[in-house]
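Go ahead and model the full structure; you've got the sequences and the hints to work with.
Protein chains in written order, with the working numbering: chain A, 2 to 336; chain B, 2 to 336; chain C, 2 to 336; chain D, 2 to 336; chain E, 2 to 336; chain F, 2 to 336.
It is worth saying that the hints were derived from the structure and are not from the lab. Check each hint, because a few of them may be wrong.
Same chains, same label: a pair holds when it works inside one copy or across any pair of copies.
[Said to hold, decoys possible] Below 25 Å or equal to it, Euclidean Cα-Cα: the simulated SDA-like pairs (lysine to any residue) are:
no., residue 1, residue 2
1, 109, 323
2, 57, 89
3, 109, 119
4, 104, 210
5, 108, 37
6, 109, 65
7, 57, 245
6 protein chains.
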Amino acid sequence: FILQYMSGFGNEHVSEDPRCPGALPEGQNNPQVCPYGLYAEQLSGSAFTCPRPTNKRSWLYRILPSVCHKPFKPFEEGHLTHNWDEVEPDPNQLRWKPFEIPKASQKKMDFVSGLHTLCGAGEPRGRNGLAVHVFVCNASMLDRCLYNSDGDFLIVPQQGKLLFTTEFGKMLVEPNEICVIQQGMRFSVEVFGETRGYILEVYGAHFELPDLGPIGANGLANPRDFLVPVAWYEDRQVAGGYTVISKYQGKLFAAQQDFSPFNVVAWHGNYTPYKYHLEKFMVINSVAFDHADPSIFTVLTAKSTRPGVALADFVIFPPRWGVANNTFRPPYYHR
Amino acid sequence: FILQYMSGFGNEHVSEDPRCPGALPEGQNNPQVCPYGLYAEQLSGSAFTCPRPTNKRSWLYRILPSVCHKPFKPFEEGHLTHNWDEVEPDPNQLRWKPFEIPKASQKKMDFVSGLHTLCGAGEPRGRNGLAVHVFVCNASMLDRCLYNSDGDFLIVPQQGKLLFTTEFGKMLVEPNEICVIQQGMRFSVEVFGETRGYILEVYGAHFELPDLGPIGANGLANPRDFLVPVAWYEDRQVAGGYTVISKYQGKLFAAQQDFSPFNVVAWHGNYTPYKYHLEKFMVINSVAFDHADPSIFTVLTAKSTRPGVALADFVIFPPRWGVANNTFRPPYYHR
Amino acid sequence: FILQYMSGFGNEHVSEDPRCPGALPEGQNNPQVCPYGLYAEQLSGSAFTCPRPTNKRSWLYRILPSVCHKPFKPFEEGHLTHNWDEVEPDPNQLRWKPFEIPKASQKKMDFVSGLHTLCGAGEPRGRNGLAVHVFVCNASMLDRCLYNSDGDFLIVPQQGKLLFTTEFGKMLVEPNEICVIQQGMRFSVEVFGETRGYILEVYGAHFELPDLGPIGANGLANPRDFLVPVAWYEDRQVAGGYTVISKYQGKLFAAQQDFSPFNVVAWHGNYTPYKYHLEKFMVINSVAFDHADPSIFTVLTAKSTRPGVALADFVIFPPRWGVANNTFRPPYYHR
Amino acid sequence: FILQYMSGFGNEHVSEDPRCPGALPEGQNNPQVCPYGLYAEQLSGSAFTCPRPTNKRSWLYRILPSVCHKPFKPFEEGHLTHNWDEVEPDPNQLRWKPFEIPKASQKKMDFVSGLHTLCGAGEPRGRNGLAVHVFVCNASMLDRCLYNSDGDFLIVPQQGKLLFTTEFGKMLVEPNEICVIQQGMRFSVEVFGETRGYILEVYGAHFELPDLGPIGANGLANPRDFLVPVAWYEDRQVAGGYTVISKYQGKLFAAQQDFSPFNVVAWHGNYTPYKYHLEKFMVINSVAFDHADPSIFTVLTAKSTRPGVALADFVIFPPRWGVANNTFRPPYYHR
Amino acid sequence: FILQYMSGFGNEHVSEDPRCPGALPEGQNNPQVCPYGLYAEQLSGSAFTCPRPTNKRSWLYRILPSVCHKPFKPFEEGHLTHNWDEVEPDPNQLRWKPFEIPKASQKKMDFVSGLHTLCGAGEPRGRNGLAVHVFVCNASMLDRCLYNSDGDFLIVPQQGKLLFTTEFGKMLVEPNEICVIQQGMRFSVEVFGETRGYILEVYGAHFELPDLGPIGANGLANPRDFLVPVAWYEDRQVAGGYTVISKYQGKLFAAQQDFSPFNVVAWHGNYTPYKYHLEKFMVINSVAFDHADPSIFTVLTAKSTRPGVALADFVIFPPRWGVANNTFRPPYYHR
Amino acid sequence: FILQYMSGFGNEHVSEDPRCPGALPEGQNNPQVCPYGLYAEQLSGSAFTCPRPTNKRSWLYRILPSVCHKPFKPFEEGHLTHNWDEVEPDPNQLRWKPFEIPKASQKKMDFVSGLHTLCGAGEPRGRNGLAVHVFVCNASMLDRCLYNSDGDFLIVPQQGKLLFTTEFGKMLVEPNEICVIQQGMRFSVEVFGETRGYILEVYGAHFELPDLGPIGANGLANPRDFLVPVAWYEDRQVAGGYTVISKYQGKLFAAQQDFSPFNVVAWHGNYTPYKYHLEKFMVINSVAFDHADPSIFTVLTAKSTRPGVALADFVIFPPRWGVANNTFRPPYYHR
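Okay, structure coming up:
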């Protein structure tokens, strides 16, 4: 089983699981009867009325509608919060020590139970803000999936590989890669040992490629290098119950259903999970003298409504040539 | 007594109570002595510096200035709140059961005492957010009026007629009509039996007609069909005291004065209450295949500062022809 | 030989001719040595500095660079002009009579020699304006290709099929389909009999899908239904000379080279020719009463710099249900 | 016969000739049969797709459709041009000498035959530019009307009154008043002696009230003081023929019909002619020291697409108090 | 010792302490070795990626980097808060009584210990909001400085002079002057007796000069009249320890270092403290009739992201001529 | 005599000739009597109503007003044109051969008589377009000056130094430097031998520093490195007449006066000539692999009204390190 991907940031992708050719309706979204008797479902990633460049949605053709589940109930796992007043503010610069991963032999911990919130600002209800979480885990998620009702997850694995099964297909993410799973997309995480990483969550805006200004039409993260999974489904009854977990207003809730939610046979649209390998970042920098500001290493940005001001940027410090003449070697002091 | 209205959404209207012809000053707003010795007062509905399309204000010519009242004191009636953390979040879809209206014989309840907040987000101090309230009442407001210092009320009567007396004149609103009474406008409500309805409140933005894009210059709610009251005043001393109630930062406050606040003899401006009959909505929809998103039924929208993203939309599902070919009859599943 | 297409309006597409797997460089655009010794060439469709939604360019990997040709010389064929003062203005409504197609037995005429300008406004040098042309032809273009240095061609076949060979691959366009070939893209046209159609040319802006406003995330021309050719090349020496024709400032020029310009083995980018079948247009219209303005049938729009004002719109009148109650049957009179 | 007006710049007005009450259809624009058997006609003043603040159109309900006329033919009267290269440029400051008005006894001249172009820039076909004309006349227009297909006329009478009959009603304009008659609106001019004035014509933009910035919600020309005619019609057959004159691409054309075009019984909309009395201008200026730039006397502005840059401004120097301390009395020297 | 200033709001200033000529590197910001062995440090006043008009930063060349201090610890002085729910809301109009200044003989109080928060809205973490503080003091700050990590201070002295020493130089501010010290700039305050004043703090936006609209290119506060200090440094060891105080998330924190932070020998940039004398305000107002809205007296504005809506305006009522005819003398009543 | 400059792109500069201290009025622009009896004159570089970032004007205090001259007359020198249809279009890439400079001994030629237009687009009357000129000269301008009424000159000396005397002061520009002299600024050119260079002229927009996007707050041409002359005047009667030459609508005109126009004793404002040394350009480029588009070398840009699309860019190819790995050495092929 080899994982395949389609390329292109923000493309209008189309994908069918090859086991069901023709599963995607032709020329319309809502036929009276879909091929194979599937259910058509739209997953919206933006207000319906957004202009084209920010209008995001996908159409999923699935075996059973996603609404077929029992009511959600509060769910006590992990250590998530969005109450930023819990801890007193501290103006000192902080570095986080490496978070310890429990041994699987001592305590099984999966991606959900291993979530910890580090810090944040704003709140999901007001559709403005961000949070930083870590995850530590040693076990795969078993008959359960997560989705985020509050915002988008940008996931940065630090140790160990993550195999994501999503409603859009499967995606393997290794250290030095990142992936983004957006609001409302169900996913389950398989791991292969002790695994750790960071999550940057944003509320109210999606990640975009930054406008490049004078850099021109190519450079930094090129849109071609973003990879999107291909349709994959399982038609699986789960007698013991499948648990759908929702992060909603900063808290977890769980609902039971008796089938796998990864039953999407075909889909099309521009609202999908995606991944990116950081080695493909085309680094731009000073080639005569002086340093550039670190914004020059921006991979993805979630814009605020003030021009030029981001809600959050994801920035890397990639390997590169340093060739500035007569320039202080470390970057400048900065406040 | 027949109620009259002027038409035109957002027009610069002019109106005089016919009992006082010439009450409106000609060619200026602030004459040294106004006709009939009235007091000129500007009611601002936006920052002074807003560009024309969002700049809102009206000039009221009244018998006594509206500032002539005793200090405001906290006022314990109704069940309003804007503390959204009072109730735990719940990700399940909710439908509200019909709210029970008390019998007038058991307990007199007017529009103010019968207010209940259902839910909301954001807060009025930050000028960003919304709330949903219900009102249930069986009695008219007697020698008291309300105004909202926090935002605008879009009022949807569900059962029973509402006769609004406002500083701008009188307005009768029946089920299948809606009305909007904006920040700072005083009004009193007469009812004619058991009465119930919804209120959508927005902070920091006024309702607008949506831009129509390809729909063109006509369609959905046409601006011509919005009706505005004509000037009406009473010059009435209220020996026992008239109570002016203010909703301020989500709470009620009351001040006493000894005259009716509905003493505006003439006014002009583009900041007024208005009503609309939902039957006049020109419905647009798919006429070949597939469903359109429900945004196509938007009557009024309160814009956020993100293009295409509303703070709140008021959307209806009007009677219409459904003629799409080869299309699933109920609208699509949607998340 | 079956023609294949990729779908998605404005996508970042990638394509390799299957005869040369791996022809597309991985992870960069300009390797020191490209696979198969190809030449990398960027074709820009916008200023380098445009923001993402309007930034257009593609990378072509070809056997010989496109600059390998002799100088351009004036070329007298067809009947193109952009001197709008040649004909006196006429305020009457005009309908064009069908243009006669010469018999192939009498006079061979290909796509270039059969071009006639009907009307226009503005001029290509100022990057603002449009022109309408017709083409009538009865023969395929032989060892010659055309490209437009002035703007984009939206081509509407009226009679006869057109097989386009472009630098991006092959595209068959039949009546009831349209295609767009943008500034700088070389193409050659094969026909299969008497052929006629219209061309809408725009200078200074590309065609876009209109923003939909309240119509929502789906409707009118859906982005998924636009088709883009897949890479196809020929490595062909042309002893007798291959003629590259350029439309430049409204006139034709020709240059000779000794190989086919359709030597692009692989390409990627978001600046490509594309086609669309008009049957896939999801028609939206009035479903209660009254007519909507014809802008509701807009397929593609080329925007001016005034919000809501197009340089040119391409609008169709598709088959649809007409269900408005109590409404005058033909559309309204309109000035 | 007393002329009446409605007030409010850019309002959605409604008007019926009182001889035909109920002529305006209720709740829709296009009934199957209009009241009194009238014809519904939309007159568009902007692209259908403009956003609300710039979307302009009116609905006219008339006895016969306006398209019932014979073809237009070139028409040689007046001295209009838009060929700005006819005269050599001259960088010196110019003042125009008063234009002589011929005596009616010598030569009858009406508003159309007395038109002379002074200067201009840009051109109507490109929807960008302006022209300045004068008119001198001594006779009323008899059984003929004019409309401008190129842009809007802002008319400034200098000597003599002008009585305009338009499709929207009648409007009397005297010196110290101005009026605006926009693209496509038919009008006829009655004069009462020797009459002269200026016309500022703009192509591609309508006049607007300027945004006021810190001046606030009131001041300069107040929207309330703009007056719009009320509906008036004549149902008049013209045996000898009625001449409709069109200014099209800077030239005049004429078409014959056998009835008066002023047959609009009722109308509604926000695209209308209007007038304004310059005495109502609320003058703002320096009240401590120094002079303000003359832009502070702007009555109406036609915006270009560069923020803050007008296509044309109409500016007056009204009577006002000059109270600046320690300031050079005439305004500053300026280049 | 005479204080000197440079002029020009938002200029790219350059300044060297005259004791160290050539301290500013030529042609670059980050030489390998700075003149005099200074340390280059960038102080950012905006996101790196802001467009030019809002991009703010300065380069400081100093004896020791500003990061050389011990960790920050909570610091209990003054009476600052940003918890706006501490006090119940009150819809009545409030005037603050004059705040009493303690006698120096009874209790020494400097600028920091004499800070009191009056009111506010929003919060610094969300980069949106404002606060109003008062300061009362009778002693100079001794071996301690303050900087605001939350936003900008606009300081209005009411009684007594303030001598500011800042990283950019010295600035004397007297009653009838105002000064602005922006986020992150260290300053110390010397006073000369009992001193009192107001502070307007804004989070998330800097103060700007308002766009003037029709007022034109000159008027209100002219950019030329804003004064910026010139570079001044002290190379002073502080054996007993120098205390750097930071206002962070509405609370104070303090860190110790053993040298004066005012060790900046030269600097350049457009992010600086500045002052303005209110007498230089060029007052504009009505010169015919009626009053203008008070926005016409705006000195500085901090913009929100809604066009025309300010986060906070600083407005004055300067001496001026009142010359309106036939107008009520006090300004209009206003709600 | 050493030339001095002030620094800072677009600053609000102030400057007095040191021979007349206090020549600049304090706290106002238009005193009743200026210091030294000078005349105040405003030179506007933009519409009065432009928003702050594009609002340009300077105040000049001079011995005699600049309007004191005789009328302009056509002036036959140089070879300027803006009739782009004079030469047939040519789609081939062109390089211009070096233009020959006549020997001074054979023919005296100054900056004005040595002007030749190469090419262009658009036109000054429409405030949109550009032209490219060369100048060749061997003599200084004697008792004559030039100003451009059509647009701005960006002057690039190729051989020989240019000493500009302007109304704002003196400026020496050598090869590897550029200078910009904007619309309406009078200047005279001294040369020191055979001199040649290019001129880029833009109509309707001024040159700006490009927004840098991810490059951040520093880089490319830094604003600090732009130099502006200091005030310098001569109070010189010219008995034989001083010739003021104006370029107006692409042609030259001349007027006589009897004094030197360089009589500005002091000035302040943000509309000035300026120069820049290209060595100070902080070069940014690829430091890992691939090439960046040449927009990354933009020094100055004149913006069109389409976001990201320039009317004209001034771009250089400065010395820099080329360090990209595995990348084709010359830049990519490009169309």
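Mind listing which of the numbered hints don't hold for this structure, in increasing order?
-> 1, 2, 4, 5 and 6
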